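Letter by letter, the chains look like this.
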Amino acid sequence: MWIWVLVILVSLILTASAVSTLTWMLHAWGTPENLKATRFSPPDGQHHLSFSLLVPARHEENVLHATVERLLESTHQNYEIIIIVGHDDPDTTAIARQLEAQYATRVSVVVDTNERKNKPKALNTALPHCTGEVVGVFDAEDQVHPLLLEHIDHEFRTTAADVVQGGVQLINFDSSWYSVRNCMEYFFWFRSRLHLQAQKGFIPLGGNTVFVRTEVIREAGGWDENCLAEDCDLGVRLSTAGKKIAVAYDAVLVTREETPHSITALLKQRTRWNQGFLQVLRKGDWRRLPTFGQRALARYTLISPLVQAFSGAVIPVGLAVGLFADVPVGVAFISFLPVIPTLATLAFEVAGLHDFGKQYRVRIGTLHYLRLLAGMPLYNVVLALAAARAVLREYTGRREWELTKHLGVHLKAAHEGD
Amino acid sequence: MAVLERLHLPQAAPGQAVAPPRRLLTYAPALLITVVVAVQLVNVTGYPAIDDDEGTYLAQAWALRQGSLAHYTYWYDHPPVGWLQIGAFSWIPELLFRDGLAVAAGRFIMPLVTGISALLLWIIARRLRFSPLAAGAAVLLFTLSPIALTLQRQLYLDNIAVPWVLGAYALALSPSRHLGHHVASGVCAAIAVLTKETMLLAVLPVAYTMWRTADPHTRTFSLAGLGSGLVLTGALYPLYALLKGELLPGPDHVSLWDAVRFQLSDRPPSGNMFVSGTGANELLTAWLATDPVIVVGGALSVVAGMAFSRLRPVALGGMILMVVGMRPSGYLPAMYIIGLLPFFAICAAGIAETLLRTAARALGRLPLPLRALPLVLRLRRLRPWFLAATVVAAAGAVLAVWLPGQARVLTVDANADRRAALEFFRGAVAEPQGVKVLVDDALWLDLRNSGFDPVWFYKADLDSAVRKELPGGWRDFDYVISSGIMRQDAARLPTVRDTLTHSTPLTGFGEGYARIEIRRVYGG
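For the record, the sequence lines run as chains A and B.
For the first sequence, our numbering puts the final residue at 542, and the numbers step up evenly by one.
For the second sequence, our numbering puts the final residue at 556, and the numbers step up evenly by one.
Next up, chain A with everything else stripped away, as it sits in the complex (with noise of 0.2 Å):
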């Protein structure tokens, strides 16, 4: 008997956050206006701001140079590009050094002294440097839009906004099993989700491509160095002062990036994210949001990548239970509940992929539908263990970077896609 009881409230648990994640991740396609104002507004040709664009890189001696390169095509009359370095890293210092001294008016490098390193602690070194009135992050593997910035300038001066989330997107969905559901994530994340987070006043604002007025970052007293979301913190210390912090999304204007080159990276970069994400949620700063449906929504927010991944480990046990176990008929349909959301998540996905297809102009085959579907219960697996990882690292107290490495099959991936 309790065991249906448990079975009956698990799955009415699931069903009801898998309803909520799908919806809020279709937010953008709600209605023909929403997708309308996720855009960036066309800009005006006026350039009234100045940038300062921060390039953490460690050990991206690889990429290091075409993004920078490429950040220096940007169309903005106005902007300096300040690339942080770690003092152990020869390789990577050599780079930019190279770079600095080929465009001294536009390239600086700052050297990160801190004995363990970590990509907050880059950034609050470069901080005191910046002398743009808005301080740009991006990565070291990043490839950037030259109308970026142009568009940046506009949005900011549109929306009276103290932060702007410009779109990042994986783009190498053709890599690997694994990368084409990685390229969604993204897609309806920066395309949909966050939109509506910025919305409703509570955003975990991304890792790159985001824009804040130097004056609230320094006010905000900069990036959490103990945190390994510093990201997500920054977003949830800024709504909860009050910030305002605009998201647009363009396919042209997208930063792109790599999805990690295997799953151990998948899993560790996962790791790190949830980590951060639990981090964030125990420091507790979004107590003080102003009404309760915003510290709902960051409470939600906060643990649903544990959820998820908790979903994606026990819906397959309910359905075992439902179809195999001794219960009756009433309690088997409930414990098929939560698979009617997650169908659907997999019918939206595929015309997700659809969609990405159009917009970013690559041919999507059914191959990759068919890595879309089937790739779901082994990514989910995936998930799961990242998850675990994430809980069991920070109550045991493990809580150091483990980097992503880069390799730059986006680059090609992306001149493809041009």
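Any given hint could turn out to be false.
Computed footprint of chain B on chain A, listed as stretches where at least three residues anywhere in the stretch have a Cβ under 8 Å from a Cβ of chain B [stated by the list, open to error]: (1) 148-158; (2) 448-461; (3) 467-474.
With the Cβ distance kept under 7 Å, some of the chain A side facing chain B (calculated, not the full set) [unchecked claim]: (4) Ile464; (5) His478; (6) Asp479.
Hints were generated in silico from the structure; no laboratory data involved.
Treat the numbers as computed from the prediction; the structure is a model and nothing was measured.
Every residue gets a Cβ at the ideal spot worked out from N, C-alpha and C, and that includes glycine.
Fit chain B to the supplied structure of chain A, relying on the hints for placement.
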């Protein structure tokens, strides 16, 4: 008159000149639907004669409230969603009308169902840019034709399914083009199909409707929403069968598979509709006799509607139903036309409106020499009057054809004999407990409610669980209440045939097929 003037105004200029006042537009459908529901309620218990199927659905709805899917072994004949909905409401008339026939009382919920369908039809018409007058005409054609008045008040699953079909179309045409509406449209379509499987044909063009209405940028998601709403809701039914272990055939249990095979291929074909002597032709003749206007006019309008862009979504729905219904190799159920009525009504009103608009425009564009004539000038000024006269004349002509049929529906008591038979039987048997009666489903619930032990005659031969309880065959019955359908099907049901032959009539009511006889079984 203000409503009429809009007829010849191009729709592209709304709000111009003589748009009807908003208040009228809000109250007009409400008023119209109130009238429709009121008319549908008149003599709802009296006409038409109660059909065995109505009794079956009501008894199954009753059984659902007792905690099982049917009053006998549920064998996946139809998904239970239809009588689930009947059961949600049938307790109300049961409380209010205890004395008469249970099925007649149960019919009181049907005019409300028709009211909901009518409202949805109005919404669809307006969303297809019908003028209020044309939308109103569609509602009247849909609800007040003799065939609609006759069939819509019967406890048929088709009637319960129609609002879901219309809901699916209305949501697919949602002007806000909200993804949630599109998902809901799919859910409605699935419920329509789960209520009555044949509605699958009627909801197919919902996808086309949505394709046209949706924004090109969100269309893929809209269609994914429609598809997941439809498929995932629809899949609950086979899932139920799977969990019960009744999805696939096996020894000693019913299965969804067998039921689907029976519905699709084992039912005898009804033959060519246009060759006399076939079952399908008999049905067509009956439909035409009841109401030639909506059957012929509706069918022609559906075909014509395919040529007009704004009517194409609904015309396509009617077209698919018509083409599949006309297949000589298929089984054509008597209620099939219920699903066609909304498509007939909306296409007929739409075509009429288009014709009138074209005529009005032609009047304004008479050739120059003719226009010079003072008489024609006066004619142009008379244009609204010409249109009004045309509408009134057309309405009058339709009404003239309809009136005899409508009068019959609204006045004739076709269930008096059955009611008298029930009263007699209740009076004749003082101690109903344990009295086994072979009966049709139209009286099953009444006998059950009076304390008898009724057996639905089909089950005495076709349900193994019931057969087990009747080791003596006809000898186990005390009475048989014979009706037209029982006598008709007795030839292929040995127990029923034996019970009829081994019994003697106590009394009878009515003549011919409709005759109800109370018969005492020998030795019973």
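Here is what the structure says about each hint:
1. 148-158: n = 5 at 8 Å, threshold three: holds.
2. 448-461: holds (count 4)
3. 467-474: holds (count 5)
4. Ile464: 5 Å, holds
5. His478: 5 Å, holds
6. Asp479: At about 6 Å, which falls below the 7 Å cut-off, the nearest Cβ of chain B leaves the hint on aspartate 479 (chain A) intact, so it holds.
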